[in-house]
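Here's the letter readout for the chains.
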Amino acid sequence: MQASNVKFRLGKSYGFQILTYVLAFACVVPLIAILFFIIRAGVTKINWHFLVNIPKPVGETGGGIANALVGSILIILVASVIAIPIGILAGVYLSENRKSRLAYWCRLSTDILQGVPSIVIGIVAYFWLVKPFGKFSALSGSAALAIMMLPIVIRSTEETLKLLPDTLKEAALALGMPFHRVIFKVIIPVGISGILSGVMLSIARITGETAPLLFTAFGNPYLSTNLTQPMQSLPLLIFNYATSPYNEWHDLAWGASLILLLWVLFLNIFTKIVTRKWKVQL
Amino acid sequence: MESTVIKSRNFNASFGSNHVVKNVNIDIPRNHVIAVMGPSGCGKTTYLRCINRMHELIPGATCEGEMKLNEEDVYQMHPIFVRLKIGMVFQRPNPFPNLSIYDNVIAGYKLNGIKLPKAERDRIVEHSLTRVALWNEVKDSLNKKGSFLSGGQQQRLCIARAVAMEPEVLLFDEPTSALDPISTSTVEELFHELKVNYTLIIVTHNMQQAARVSDKTAFFFLGELVEYDDTKIMFTNPKDNRTQNYITGRFS
Numbered sequence: 038m039q040a041s042n043v044k045f046r047l048g049k050s051y052g053f054q055i056l057t058y059v060l061a062f063a064c065v066v067p068l069i070a071i072l073f074f075i076i077r078a079g080v081t082k083i084n085w086h087f088l089v090n091i092p093k094p095v096g097e098t099g100g101g102i103a104n105a106l107v108g109s110i111l112i113i114l115v116a117s118v119i120a121i122p123i124g125i126l127a128g129v130y131l132s133e134n135r136k137s138r139l140a141y142w143c144r145l146s147t148d149i150l151q152g153v154p155s156i157v158i159g160i161v162a163y164f165w166l167v168k169p170f171g172k173f174s175a176l177s178g179s180a181a182l183a184i185m186m187l188p189i190v191i192r193s194t195e196e197t198l199k200l201l202p203d204t205l206k207e208a209a210l211a212l213g214m215p216f217h218r219v220i221f222k223v224i225i226p227v228g229i230s231g232i233l234s235g236v237m238l239s240i241a242r243i244t245g246e247t248a249p250l251l252f253t254a255f256g257n258p259y260l261s262t263n264l265t266q267p268m269q270s271l272p273l274l275i276f277n278y279a280t281s282p283y284n285e286w287h288d289l290a291w292g293a294s295l296i297l298l299l300w301v302l303f304l305n306i307f308t309k310i311v312t313r314k315w316k317v318q319l
Numbered sequence: 387m388e389s390t391v392i393k394s395r396n397f398n399a400s401f402g403s404n405h406v407v408k409n410v411n412i413d414i415p416r417n418h419v420i421a422v423m424g425p426s427g428c429g430k431t432t433y434l435r436c437i438n439r440m441h442e443l444i445p446g447a448t449c450e451g452e453m454k455l456n457e458e459d460v461y462q463m464h465p466i467f468v469r470l471k472i473g474m475v476f477q478r479p480n481p482f483p484n485l486s487i488y489d490n491v492i493a494g495y496k497l498n499g500i501k502l503p504k505a506e507r508d509r510i511v512e513h514s515l516t517r518v519a520l521w522n523e524v525k526d527s528l529n530k531k532g533s534f535l536s537g538g539q540q541q542r543l544c545i546a547r548a549v550a551m552e553p554e555v556l557l558f559d560e561p562t563s564a565l566d567p568i569s570t571s572t573v574e575e576l577f578h579e580l581k582v583n584y585t586l587i588i589v590t591h592n593m594q595q596a597a598r599v600s601d602k603t604a605f606f607f608l609g610e611l612v613e614y615d616d617t618k619i620m621f622t623n624p625k626d627n628r629t630q631n632y633i634t635g636r637f638s
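Residue numbers (this note's numbering), protein chains in the order written: chain E, 38 to 319; chain C, 387 to 638.
The following block holds chain E by itself, in its conformation from the complex (with noise of 0.2 Å):
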């Protein structure tokens, strides 16, 4: 082969290595570039009076976002008391019967499920929870953020459960342990890392959802924590304080989508470093 020839291979081949350098870099561009333009927005306006206080009527300045913070918290609070335990359970019953029909078609409603625009499940949520009792209420937007939650929370604990050695329920059965110890004594504790992973990104999933709570938590310019009335929170409270006239409203706006930015942010991180301290060395 020619020395030339095998030179503008080189040369290909290094082009080639430089350019996946580049495309990688370019997938962290986004990330630091949505990062840098909303910490200079926002963090001017993020102090303690902004956490602590609810927003002022147009034409005061100062407010804050605290019955938006607080609102958040609740709501998805109540979604997960709601949507871990069944996800989880449904996940234990996936990894125990693959084969079984039920099986076959709570998999593939899930998968279903995941896929499902989340103004979709608004509305439903809207016809089932709100209209039948006339109101709009927090409880009505958890019911509909815990089925958001719940295709991520099944598949992730199934996925987790499946990959465990069959030994490890075979010497649990063994000692004559029940089949419920064996899940909750066991599989689930040998498995908690994957679960919880699964767990925290259903989380963080929610924690930005808008349109699910469009026609459900509704919004509230007051704080509340009354589960059966309207209820404020964060996206509620970007989307329509930053599509309002008002310059007051806009910063408010500004300063809620850090702190949003800044809590999923910090599920993702809570979520990689727990799952590594808990992971259980098989």
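Derived by calculation from the structure, the hints in this document are not laboratory data.
Please note: incorrect hints may appear among the correct ones.
Reference listing, derived: stretches of chain C covered by chain E, where coverage requires no fewer than 3 residues with Cβ under 8 Å from a Cβ of chain E [unchecked claim]:
no., segment
1, 436–449
2, 565–575
Only pairs whose alpha carbons sit at most 27 Å apart, straight line, appear in this in silico DSS-like list of lysine-lysine [stated by the list, open to error]:
no., chain 1, residue 1, chain 2, residue 2
3, E, 314, C, 531
4, C, 393, C, 581
5, E, 199, C, 531
6, C, 531, E, 309
7, C, 471, C, 454
8, C, 530, C, 504
9, C, 504, C, 525
10, C, 504, E, 222
11, C, 471, C, 581
12, C, 408, C, 625
13, E, 314, C, 530
14, E, 309, E, 222
15, E, 93, E, 82
16, E, 199, C, 496
17, C, 496, E, 316
18, C, 525, E, 222
19, C, 501, E, 222
20, C, 496, E, 222
21, C, 531, E, 316
22, C, 530, E, 222
23, C, 530, E, 316
24, E, 314, C, 496
25, C, 531, E, 222
26, C, 393, E, 222
27, C, 525, E, 316
With beta-carbon atoms standing in for the labels, derived distance ranges [as the list claims (entries may be wrong)]:
no., chain 1, residue 1, chain 2, residue 2, range
28, E, 303, C, 563, 31 to 41 Å
29, E, 319, C, 567, 21 to 31 Å
30, E, 169, C, 503, 51 to 61 Å
31, E, 169, C, 443, 37 to 47 Å
32, E, 59, C, 525, 50 to 60 Å
33, E, 169, C, 530, 31 to 41 Å
34, E, 319, C, 523, 44 to 54 Å
35, C, 567, E, 311, 53 to 63 Å
36, C, 525, E, 56, 30 to 40 Å
37, C, 536, E, 84, 51 to 61 Å
38, C, 466, E, 138, 22 to 32 Å
Beta carbons are placed, not taken as given, at the ideal position from N, Cα and C, and that holds for glycine.
Using the hints provided, position chain C relative to the given structure of chain E.
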């Protein structure tokens, strides 16, 4: 006469339409080591798993016939009680990776929700680990995870876990096939110690091991129990041609 612990009559086991254990009749005497040998796929592991009702956990698995533990039909008892009385050690060491060495030994109590005073737990752990000759090696690291031990130590830990429940019978499913020769000999020595208190049934496809460790040997071939006799007789003067062929290595 020695008393019989396990008694099978006309025992059959299948996976769906695949008939793997055919009409087995066997009496297993108390405080003996019984080796079950035979070529791969002869049904020896399946038979073993029928004794403590682990076989039925596999979807599509069925069995019929009589299987008695001390004159009580195993298939009339609740599987949980059967498995408390008949312990099992598996082919690959499978300590609970989320538990410490201490908790692994006590797992049968702890995970079953049986509350014991601390002194009693300590006694069981020390006693069980001593029985399997592991106490001196791990007594300073009882709080470490069981999965940090070597393969041979893990297997002895699994035996300790089974012994801790004080069962009557211990089933071993090719317990040394995943171990190195030195760990294998350590485990084999244990068998002699353990038969003082328990009845041991060991599935192996290693004939030398069967000859070394057992009092009686059963030879399975194509799902049938071909021959069952004192190990010495089996290896010197087998009655059946197929046993003769197997132990002389004409097929395996």
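Results for each hint:
| no. | hint | in the structure |
| --- | --- | --- |
| 1 | 436–449 | holds (count 4) |
| 2 | 565–575 | violated (count 0) |
| 3 | E:314 - C:531 | holds (15 Å) |
| 4 | C:393 - C:581 | holds (18 Å) |
| 5 | E:199 - C:531 | holds (23 Å) |
| 6 | C:531 - E:309 | holds (23 Å) |
| 7 | C:471 - C:454 | holds (12 Å) |
| 8 | C:530 - C:504 | holds (18 Å) |
| 9 | C:504 - C:525 | holds (16 Å) |
| 10 | C:504 - E:222 | holds (20 Å) |
| 11 | C:471 - C:581 | holds (15 Å) |
| 12 | C:408 - C:625 | holds (20 Å) |
| 13 | E:314 - C:530 | holds (16 Å) |
| 14 | E:309 - E:222 | holds (24 Å) |
| 15 | E:93 - E:82 | holds (14 Å) |
| 16 | E:199 - C:496 | holds (25 Å) |
| 17 | C:496 - E:316 | holds (22 Å) |
| 18 | C:525 - E:222 | holds (25 Å) |
| 19 | C:501 - E:222 | holds (15 Å) |
| 20 | C:496 - E:222 | holds (9 Å) |
| 21 | C:531 - E:316 | holds (13 Å) |
| 22 | C:530 - E:222 | holds (18 Å) |
| 23 | C:530 - E:316 | holds (15 Å) |
| 24 | E:314 - C:496 | holds (24 Å) |
| 25 | C:531 - E:222 | holds (16 Å) |
| 26 | C:393 - E:222 | violated (34 Å) |
| 27 | C:525 - E:316 | holds (25 Å) |
| 28 | E:303 - C:563: 31 to 41 Å | violated (49 Å) |
| 29 | E:319 - C:567: 21 to 31 Å | holds (25 Å) |
| 30 | E:169 - C:503: 51 to 61 Å | holds (55 Å) |
| 31 | E:169 - C:443: 37 to 47 Å | holds (45 Å) |
| 32 | E:59 - C:525: 50 to 60 Å | holds (58 Å) |
| 33 | E:169 - C:530: 31 to 41 Å | violated (57 Å) |
| 34 | E:319 - C:523: 44 to 54 Å | violated (22 Å) |
| 35 | C:567 - E:311: 53 to 63 Å | violated (42 Å) |
| 36 | C:525 - E:56: 30 to 40 Å | violated (59 Å) |
| 37 | C:536 - E:84: 51 to 61 Å | holds (58 Å) |
| 38 | C:466 - E:138: 22 to 32 Å | holds (28 Å) |
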